[in-house]
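Chains as they are written, first to last, in this note's numbering: chain A, 1 to 119; chain B, 1001 to 1113.
Don't read these hints as lab results, they were simulated from the structure. There's no promise every hint is true.
[To be verified] List of simulated lysine to aspartate or glutamate pairs, DMTMM-like, C-alpha gap at most 25 Å:
hint, chain 1, residue 1, chain 2, residue 2
1, A, K43, A, D10
2, A, K43, B, E1111
3, A, K99, B, D1001
4, B, K1024, A, D103
These numbers come from a predicted model, not from an experiment.
One-letter residues, chain by chain:
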Amino acid sequence: EVQLLESGGDLVQPGGSLRLSCAASGFTFSTYAMTWVRQAPGKGLEWVSAISRSGGTTYYADSVRGRFTISRDNSKNTLYLHMISLRAEDTAVYFCAKKKADDYFFDYWGQGTLVTVSS
Amino acid sequence: DIVMTQSPDSLAVSLGERATINCKSSQSLLYRSTNKNSLAWYRQKPGQPPKLLIYWASTRESGVPDRFSGSGSGTDFTLSISSLQAEDVAVYYCQQYYSTPWTFGQGTKVEIK
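All chains should be built: construct the whole structure from the sequences, respecting the hints.
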């Protein structure tokens, strides 16, 4: 059974930093691209970042480029999102999701971890 | 960026009746080389993560009931629920994966009338 378990969400002050983790199990992690999608309270879904199977190619939304860094450790079956210079508008539940083999749509999602940016 | 616009924002449908959600993209999602449209649909129940329902505009994900169907091509797409069940109360999102940044529609909330 595919499982994705996010962690690392917290209350952080504006300008602060945080690292999210997503522990994967139930599939061969190293053979799938992965992504982060966020959802602000009461709002819709916003794609944030994605990373290729090897980690050699990364993609970012304009809203986070230069502040967020996606990475992965295939030996630990774990996906990461390192966030710096956090803003109030980054407040959201952050989901990690697995790319289906065909293309960049997502067939398994974690339950999410809440990041709150507030003073 | 490709903008995805769903309509309506919300709808109320009686149990057993058809629900129809529309999704319009600001540019074509059709790859002419493969004749495939890069459009997916998700359902998000309250307090849960999204669940993939449909991809390539009309291919049902494994395990998804056949009351869900997707149609459309180019810039105009539709998700239909042929006979609404209580468990279908949720917010539905379309997503384009034709080009980065991958973008979602704003969501359509489906309720029971």
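Right, here's what the structure says about each hint:
no.	hint	result
1	A:K43 x A:D10	holds, 19 Å
2	A:K43 x B:E1111	holds, 17 Å
3	A:K99 x B:D1001	holds, 20 Å
4	B:K1024 x A:D103	holds, 20 Å
Hint violations for this structure: none, all hints satisfied.
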